[in-house]
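Q: Here's the letter readout for the chains.
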Amino acid sequence: MTGPRPSPPVPRWLGSICPPVAVLCLVLIGWHLAVEVLDIRRFLLPPPGAVLTEAWERADELSAATGLTALAALLGFSISLVLGSLVALVFSQSPLIRRSFYPMAIFLQTVPIIAIAPLIIIWVGEGFVSVVIVTVIISLFPIITNTTTGLTTLDANLVDLFRLHRASRWDTLRKLRIPNAIPNLITGARISSGLAVVGAIIGEIFAGHGQHQHGLGYHVYYAGQNLETEWQFAVILASTLLGVLIFAGISLISRVVLHRWTFNLESN
Amino acid sequence: MALISLTDLGVRFETDRPILEAIDLQIEDGEFVSILGPSGCGKSTLLRVIAGLTPPTHGTVQVGENTRAPRLGFVFQEPALLPWRTVRENIRLPLELDRALDSTREQEIGRQLQRLGLQAKDESKFPRMLSGGMKMRAALARALIVHPQILLFDEPFAALDELLRLELNEDLLRLWGEKRWSAVFVTHNITEAIFLSQRVILMDSQPGRILEEVAVPFEYPRPESLRQSQAFVELLGRVASTLRGNR
Ligand SMILES: Nc1ncnc2c1ncn2[C@@H]1O[C@H](COP(=O)(O)OP(=O)(O)OP(=O)(O)O)[C@@H](O)[C@H]1O
Ligand SMILES: [Mg+2]
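These protein sequences, in sequence, are chains A and B.
Going by the numbering used here, the first sequence opens with residue 1, and the numbers climb by one from there.
Going by the numbering used here, the second sequence opens with residue 1001, and the numbers climb by one from there.
A couple of the hints might just be wrong.
[Stated by the list, open to error] Computed spacing ranges between beta-carbons, pair by pair:
| id | chain 1 | residue 1 | chain 2 | residue 2 | range |
| --- | --- | --- | --- | --- | --- |
| 1 | B | S1131 | A | D171 | 29 to 39 Å |
| 2 | A | R12 | B | R1017 | 38 to 48 Å |
| 3 | B | A1231 | A | D155 | 37 to 47 Å |
| 4 | B | D1098 | A | V129 | 26 to 36 Å |
| 5 | B | E1106 | A | V90 | 51 to 61 Å |
| 6 | A | V256 | B | A1069 | 39 to 49 Å |
| 7 | B | E1219 | A | R12 | 53 to 63 Å |
| 8 | A | D171 | B | R1017 | 51 to 61 Å |
| 9 | A | D155 | B | E1014 | 20 to 30 Å |
| 10 | A | V21 | B | S1131 | 35 to 45 Å |
Just so you know, the hints here were simulated from the structure itself, not pulled from any lab data.
Predicted, not measured: the structure shown is a model, and the values here were computed from it.
Even glycine gets a Cβ: it sits at the ideal position worked out from N, Cα and C.
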């Protein structure tokens, strides 16, 4: 039956936020009950209330650490975005270039970061720069692969149309390849944004930010060492929130700025 | 001299088996020619050779009457519109690529869309918002905006429903009557081939050769009712049996 569709009773953004929030609440309740009923010791698994209290009491420390990690993650992510797009542009220019340099890109993806982080510290020293470098290494690959795919996987008819008009390499790049790659770039950026937070935290575990400033990675590491489980959970919570925020930011930007493409993204 | 002239044309790809062989074909300025043939006989390849997209491996291809290449339009089976451009921006694309965009041509885009039955409000829509028929109309407008001397069609209406196909056939003939570009129209539909063209080329496959050229004697403008006339139906039967007899 097809009648006029009734307008949705709740706004769309509310509709998309409610389900995950509901699930989150359920998890928190389940967590709380599990701790109570099974009588789990606090240093193994603190109840959610205790984690929130800890986060509240050390809010200054927590927000400073989150800010610092956010800075490293965002900077690393931005560098990955620019660098990855440039590499993809070069890759798109010839299959030979792709074949020659792709193994290097895969090397980036597969190299155990834990093994090379000490090297980076030897070369660059401890501190912010090293953290950003680790972030870039971890978050670069999805941008390169996705964008390269978008730049090279073209509709054959469109390629013919451009050839028919003897379009220059430059025109083909800016009027066909680049716009075609935008949805892939966004997909790559979404994956990469999550990885950037992970990268920043791993970078901080190894390289830190010096004696007086501590990022989330530092706290996660030392809280673990000292069995400060409540604090550790608070820090994990903050890193998760950071990841979600960056991811949401990118989704928002992609929706607002790239409305010409986002329809295609949503449909798959 | 003919506008398009293919002499002893042959095409083979990596395999040894030739796709097209010994094709001799002349198409005059302003002529409407259709090409019919079984799937895989090389019709698309023939169009691509004329368009300069596929190089021939044998024989000669001469397109245009003097040394300057004529303006070409190509209409694909799919509308092949850029999904990130509005309808108007899609029509503008060939002018941009040809560096032919100025204010006169920009104004012409709107008129061109109107002639194809698209409304002013459709201009700012994205292709995904249009029906299949509307998309094909936009694709036709894009091919026509460059003032082509030659228009190449590769089964443009194959994906549309029958009524829409009839309607677009009539619209296409009206447009051709106004400007008289040369048309090479590949199709699987015998009615369409006969209704549109002055000459139908029947092709054979493996290797793709020209089997027969059938002249279509009906005067233009051709009324819808022509399709039901006895002469039309007889010609249709003859073409069908030639194609079938050779399978
Ligand atoms: N670039 C290519 N490389 C190798 N083989 C090709 C290439 N293009 C086409 N062919 C082959 O040439 C033959 C003819 O192809 P073509 O597309 O011209 O046929 P067609 O008559 O247009 O068929 P259809 O009616 O199905 O569209 C096919 O067997 C196809 O596989
Ligand atoms: Mg074909």
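Q: Tell me, which hint numbers fail for this structure?
A: As far as the earlier hints go, 2, 4, 5 and 8 are violated by this structure, in ascending order.
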